Amino acid sequence: GQSRTKLRVGKAIAAQMSFAGLEVGQAAEIWKEAGLDIEIVSFTGDARMQQAFAAGSIDIGLGSGPAMGYASKGVPAHAVASLANRPDNFVIAVGEKSGVKTIDEMKGKRIGVTTLGSLTEWLARTTSARRGWGPTGMEIVSMGETRSRLAALEAGELSAIVTSAVQAFQMEADKKGRVLVSFGADVPHFHTNIIFAHDDLIAKRPDDLKRFLSAWFKTAKYMRENKADSVKAIARTMRLPEEAISRSYELELGSMSMDGAFDPEALKVIQSSLKELGITETPPPIEKLYTPGFAPVSSS
Amino acid sequence: MNKMTPAGQIVSSQTAAISIQNVRQQYPGRHSSAAVLALDDISLDIPRGEFVCLLGPSGCGKSTLLNIVGGLIKPTAGKVQVSGRTIDGPSPRDIAFIFQESTLLPWYTIRENFHVSFKFSRIARSEWQSRTEEALAAVGMSRFIDHYPEQLSVGMRQRVNLARGIALGTDIILMDEPFAALDEQTRMVLGEDLSELLAKTGKTIVFVTHSLAEAVFLSDRVYVMAARPGRLKTIVEIDEPHPRSPDFMLTTRFGDLRNQLYGLLRDEVREGLQIERKSSAAAGRT
Amino acid sequence: MNKMTPAGQIVSSQTAAISIQNVRQQYPGRHSSAAVLALDDISLDIPRGEFVCLLGPSGCGKSTLLNIVGGLIKPTAGKVQVSGRTIDGPSPRDIAFIFQESTLLPWYTIRENFHVSFKFSRIARSEWQSRTEEALAAVGMSRFIDHYPEQLSVGMRQRVNLARGIALGTDIILMDEPFAALDEQTRMVLGEDLSELLAKTGKTIVFVTHSLAEAVFLSDRVYVMAARPGRLKTIVEIDEPHPRSPDFMLTTRFGDLRNQLYGLLRDEVREGLQIERKSSAAAGRT
Amino acid sequence: MIGDASNLSSRAIQLGFLALLVGAWQLLSSLGTISPLLLPSPDSVRIAFVKLVESGQFWSSLRVTGSTVLQAWAIAMIAGSAAAYAITRSRFLVAVFEPVIAGIFAIPLTLLFPLYILFLGIGPSSKVAYAATYGFFPVALNAIAGFSAVKEHYLRAAHSMGASAFATFRHVMLPASFPIILTGIRISFFITFASVLGGETLSSVTGIGKRIALAAELMEPAEMFAWIVFVIVFSVATNMVLSMLESRASAQ
Amino acid sequence: MRMTTGARIFWTRCAMLLAALLCWEVYARLWADTRFVSPPSLVLHAAIFELFREPGVIDALVTSLWILFVAYALAILFGVAIGLAVGWSSFGRKAFFPVVLLLYGIPQVILLPLFVLIFGIGPACKIAFGLSHGFFPIAVNVISGMKNINILYLRSGHSLGASSFDIARYIYLPNMLQSLFTGLRLGMTLTLLGVVLAELYVSTQGIGYWTKLYAETHDPAPLFALIAILALMAVILNELVRAIERRGLRWRG
Ligand SMILES: Nc1ncnc2c1ncn2[C@@H]1O[C@H](COP(=O)(O)OP(=O)(O)OP(=O)(O)O)[C@@H](O)[C@H]1O
Ligand SMILES: Nc1ncnc2c1ncn2[C@@H]1O[C@H](COP(=O)(O)OP(=O)(O)OP(=O)(O)O)[C@@H](O)[C@H]1O
Ligand SMILES: [Mg+2]
Ligand SMILES: [Mg+2]
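Protein chains in written order, with my numbering: chain A, 253 to 552; chain B, 418 to 703; chain C, 418 to 703; chain D, 690 to 941; chain E, 47 to 299.
In short, the hints are calculated from the structure, not lab data. This one's a predicted model, so the numbers in the text were calculated from it and none came from an experiment. Yeah, the Cβ is synthetic: ideal placement off N, Cα and C, and Gly gets one too. Mixed in with the good hints there might be a few duds.
Said to hold, decoys possible - Here are some, though not all, of the chain A residues that point toward chain D, as calculated from beta-carbon distances under 8 Å:
{"id": "1", "residue": "Ser255"}
{"id": "2", "residue": "Arg256"}
{"id": "3", "residue": "Thr257"}
{"id": "4", "residue": "Ala299"}
{"id": "5", "residue": "Gln302"}
{"id": "6", "residue": "Ala306"}
{"id": "7", "residue": "Tyr322"}
{"id": "8", "residue": "Met395"}
{"id": "9", "residue": "His441"}
As the list claims (entries may be wrong) - Now the in silico label distances, taken between C-beta atoms and shown as ranges:
{"id": "10", "chain 1": "A", "residue 1": "Lys349", "chain 2": "D", "residue 2": "Glu841", "range": "52 to 60 Å"}
{"id": "11", "chain 1": "B", "residue 1": "Gly680", "chain 2": "E", "residue 2": "Arg59", "range": "55 to 63 Å"}
{"id": "12", "chain 1": "B", "residue 1": "Gln677", "chain 2": "C", "residue 2": "Pro660", "range": "56 to 64 Å"}
{"id": "13", "chain 1": "C", "residue 1": "Arg502", "chain 2": "B", "residue 2": "Ala494", "range": "55 to 63 Å"}
{"id": "14", "chain 1": "D", "residue 1": "Asn696", "chain 2": "E", "residue 2": "Cys69", "range": "32 to 40 Å"}
{"id": "15", "chain 1": "D", "residue 1": "Val789", "chain 2": "B", "residue 2": "Ala494", "range": "19 to 27 Å"}
{"id": "16", "chain 1": "E", "residue 1": "Trp77", "chain 2": "A", "residue 2": "Pro537", "range": "54 to 62 Å"}
{"id": "17", "chain 1": "C", "residue 1": "Arg539", "chain 2": "D", "residue 2": "Leu710", "range": "39 to 47 Å"}
{"id": "18", "chain 1": "D", "residue 1": "Val789", "chain 2": "C", "residue 2": "Glu613", "range": "56 to 64 Å"}
{"id": "19", "chain 1": "C", "residue 1": "Lys491", "chain 2": "B", "residue 2": "Ser662", "range": "40 to 48 Å"}
{"id": "20", "chain 1": "A", "residue 1": "Gly360", "chain 2": "D", "residue 2": "Leu759", "range": "31 to 39 Å"}
Said to hold, decoys possible - Quick look at which bits of chain C chain B covers, simulated, 3 or more residues with Cβ under 8 Å:
{"id": "21", "segment": "469-475"}
{"id": "22", "segment": "562-571"}
{"id": "23", "segment": "614-621"}
{"id": "24", "segment": "626-635"}
{"id": "25", "segment": "674-683"}
Chain A on its own, in the form it takes in the complex (with noise of 0.2 Å):
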């Protein structure tokens, strides 16, 4: 056939369920038709990802929000659009073993997160702050992957872990743990996750740039549309059972960007919020935070 235009993408990691899309779309053949060949590359964390974008590994990445402030860092790479809006796919959960009941008693207690300066550092402290507790009245834990997070929940030594909807679920599954609450509410203009391209692509390949963003908005609108065979698409790539993705379907999916576009709200919130997080030192100015002129993206 004719040749198709080769992108490196990468996932900050390798199991969420809203990335999971770069798979469904090339189970229904939706990069092909649009002549694209993409190659997934997944990390173990943002802070990884974007080194990949400094050595110039990769073209495009799928990230969290607060990993928006890496660009004033001096990292080559900018956000082009949102691919999740409200953390509604995000919650924290207790270990069974915990005793903790109701999120108010979770003040000055150990909260596992996955590495510092990433969306779930950020969640916690948020949850924090709106508590009136400040941003550290928990005591956040950094902890890397799930199992380890759950092992620690399990030996006792965190009360609570920040995580994904679907793992939270696998955990009550399991009758290891239980959600306590969802972020969606807490957090209502955000960006959940984002969607970064390298400088060379948005300045030399504008337009593989477009064709890669109407093509994910494209397969964004299929898995809404085809819960049935999206459902088959993730578990398959994420190695869980269907349903256990099939619950948490609906507020991933909710929370999806359909269109990509950068709500101003949003982006005050992450804006401030990198100084939280001790990413940069001071809050960098909103317009460096993206490029925009490639969102909104009508997904025909």
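Go by the hints and put chains B, C, D and E with the ligands onto chain A.
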């Protein structure tokens, strides 16, 4: 003591310091065909307070026998008794062993080597220093007390090795060619020392040597061994009191005894070598 | 050739296979005070085709000298010429070196040891097998061709070591006490072989020994060394054609020569030992 | 005299190498082809380092990591050499266990790190256990190699003098196999150190590894490299102590 | 019937393995939290019915195996060569050994981004990173193994006119066989570790990717199966090397 006995005689085991009874030693080879029968049914008794030599062609099993007596090798068959007790491992309180090759530990100086040996043998620490110095002086090696073994010549190492064995002060000393790397004069001086030591302290010494003169000069009896497989051929008695003076070497009796030993060994060695040469030459031709 | 020369003479270097000129060797010690002067200004020439012996008390620097001639140690001062060329490292095409201690590699069988040596010396592969077999037969060790060195007795190892050095077929052979661990009979047989080899092939052989009889029986001249520091004392000439028969040993000339050597060495060794004993005893008393 | 000259020139070579390394680093970063996010300039690292040292806040991290490393390393050394000693008592045991030890070491333990958290929590003890596990193998394997290469000859001599098992170990086996065992101990140190850092990166509240991870996550490469300087200084210092012990042991 | 020593060793090892698996099975079934520990039977089941049914996993394993192989071969090559060069003389040891140790002291994980920069995200990066892990134990062991040489053997070699290669091949190598092979064993595992770490850091469709996926599920069986297969790969390469070692150590009887 009943002297002048045929090969394989049994001295009353009351008086025997070492009694070797029907000892056989077979070394396994890689294939069973390559196995070597080093000793074949050796029996002999070594009376207490005697200086005996083991004499025999190269490879006849002298070191093997000494190792067995020292309890370092378990014989394939037979047993060894030392002072009436059957040996089942080294008996360091009774026996000092001077190995054919230097066993000085290369990572210690001569002094440290002595001290470690004393420590191994559980000799009181207070004696270490004096024993070391005396023993080294006796072999003319005092100057090298703080040298490492590798800084010594081969003969010097051998002297140190010898001195260390004697310094342990055991009743029985097994020496495996302790003089091999020494010049004749040094041998003689050290040999006289040994003779004197024996006369003074009544130690039992078993001594392997290749020098016929040395064997005659030093020993009360010479056990002559034959090779392939190693076995006892004859015992030659040297009836001359210790300590012996160098004049003994000038007597005709000394010459006769030396010649007797020479005759005992000569044919065997020569034939052994010759036969092998011929047979291998023949094999080479086929 | 001008024979019968005083110590330190210079043979016309045209005819000299090895010419040693003002060689000094100082070994560094841990402290500069512990440094050992092993050789002090030695000069001597070894004529081509001769069999010469180095004789001297233990530790006088014989091995050191041989190592220097072999190009294995760089002397502190002086130089060595072999066939007119100044030596600056081993010259394996001209010189074979037989070490005082066995240098058989323990991880190879005897056969493999030979082959590796031949490989090192760049000898054609086609000759390996026959050279190995012949050399081993000559020392009566054919049977053990597939044994590992550690499965041999010390004397057997020494014979193999000797055979390997000779098998290299160089014009000059340096031997450092190759017979030390052998019985007198075996020594004699192998010595006669060497004598024959010399007569047939005109090789130059430098031989270190502690046996006076051996020195007289084998060599054309004996270099007698003195110790502390090692230096050349005298040269004794043995004017008897090769190959020599065992009957030579029965002549009075043989006895006289032997006694001459004995006298040359005796006092020195004895005094050396005695002085040290006394001085150390004195030191022990203070 | 001779020793001094070769000492001097070997020091010179080492300094030269260090200069070369820093020079190359300087050159690379001033060329600008490598993003300073990946390779910060030596100067910025120096500034960050000085800042760290002046603030004094490095001290607590260094203490936590240092003590974790030393504990884990000590456990690894003792357990490793004890196991090796026990195994080398007989050839049969060596033949049975050496491959087993090598085989267990082949498991990528890093993937099982969560189990250490499960059993030991997120405090230093999980890191100690994790790093000690990793550090055990090089010590054990090297000590097995070292002990079984000891010349029979020396053992026999000690045996003939009636040496106790401990004395034989202390005066014969240990010195004879010292270089090889020391190598195991060295490798064990590096692996232990790397494992502690890795463990701290994966989950902990303090320590240099945590600091490095934090600096990496916040994209502060200069600070990250400054922490690495601490790591290198610590490991060079430890190795110098080992080398000193080594030259003392084989003093000549 | 009397067993040969070889057979006894083999059966003892089998018995031990079996006993260990049994203990693990019992522990995992009775007490362990099944989200972290799987009994071996389930691991086996997962290997057969999940891993080997998944072409992606098989491809990843095959890729990893050859990456491991290449990285290991290079680690041996460089480790032995540089080890020999440094250990050749006491001056070399004194001057360059500290340099090797200094380099070893730099935590490699931290330099991974630089590896990615230089070698890209393909196999080259993983090979280089595996090599950087496997190299050091080999080199360090070679250097210390050379120290134990009996000088007489070297002298004898020189006197025979042996080339440097000859000396390395016939004297140094056999003499240090045991420490060399210990280095090779350590190097094997660490090479594997390096490859896995690189894979975890950036993974396309390699074992790193699958490891991360399986790690996120609440069923450890496939993860354990994957780890077991990785270890098995290392053990097999190890045993291959051991066969060579055994030939070399025959002389010890
Ligand atoms: N490597 C060394 N380091 C320091 N000193 C040494 C070294 N080798 C030899 N010596 C010293 O040099 C002197 C001569 O030693 P050498 O080995 O040449 O003697 P030798 O004549 O061969 O003695 P032997 O007959 O005992 O073999 C001795 O005093 C010895 O201590
Ligand atoms: N470890 C061993 N393995 C196999 N065979 C051995 C071993 N040790 C000795 N032998 C064999 O046993 C025989 C006797 O050896 P031994 O060392 O006792 O001889 P020896 O009389 O001491 O000779 P030498 O005078 O040469 O020292 C030899 O044929 C030798 O090959
Ligand atoms: Mg012997
Ligand atoms: Mg010598």
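Going down the list of hints, with the structure as the test:
no. : hint                               : in the structure
1   : Ser255                             : violated, 30 Å
2   : Arg256                             : violated, 29 Å
3   : Thr257                             : violated, 25 Å
4   : Ala299                             : holds, 4 Å
5   : Gln302                             : holds, 7 Å
6   : Ala306                             : holds, 4 Å
7   : Tyr322                             : holds, 6 Å
8   : Met395                             : holds, 5 Å
9   : His441                             : violated, 25 Å
10  : Lys349(A) to Glu841(D): 52 to 60 Å : holds, 58 Å
11  : Gly680(B) to Arg59(E): 55 to 63 Å  : holds, 60 Å
12  : Gln677(B) to Pro660(C): 56 to 64 Å : violated, 28 Å
13  : Arg502(C) to Ala494(B): 55 to 63 Å : holds, 60 Å
14  : Asn696(D) to Cys69(E): 32 to 40 Å  : violated, 55 Å
15  : Val789(D) to Ala494(B): 19 to 27 Å : violated, 37 Å
16  : Trp77(E) to Pro537(A): 54 to 62 Å  : holds, 57 Å
17  : Arg539(C) to Leu710(D): 39 to 47 Å : holds, 42 Å
18  : Val789(D) to Glu613(C): 56 to 64 Å : holds, 59 Å
19  : Lys491(C) to Ser662(B): 40 to 48 Å : holds, 47 Å
20  : Gly360(A) to Leu759(D): 31 to 39 Å : holds, 33 Å
21  : 469-475                            : holds (count 4)
22  : 562-571                            : holds (count 6)
23  : 614-621                            : violated (count 0)
24  : 626-635                            : holds (count 3)
25  : 674-683                            : holds (count 3)
Violation of the numbered hints given earlier is confined to hints 1, 2, 3, 9, 12, 14, 15, 23; the remaining hints are satisfied by the structure.
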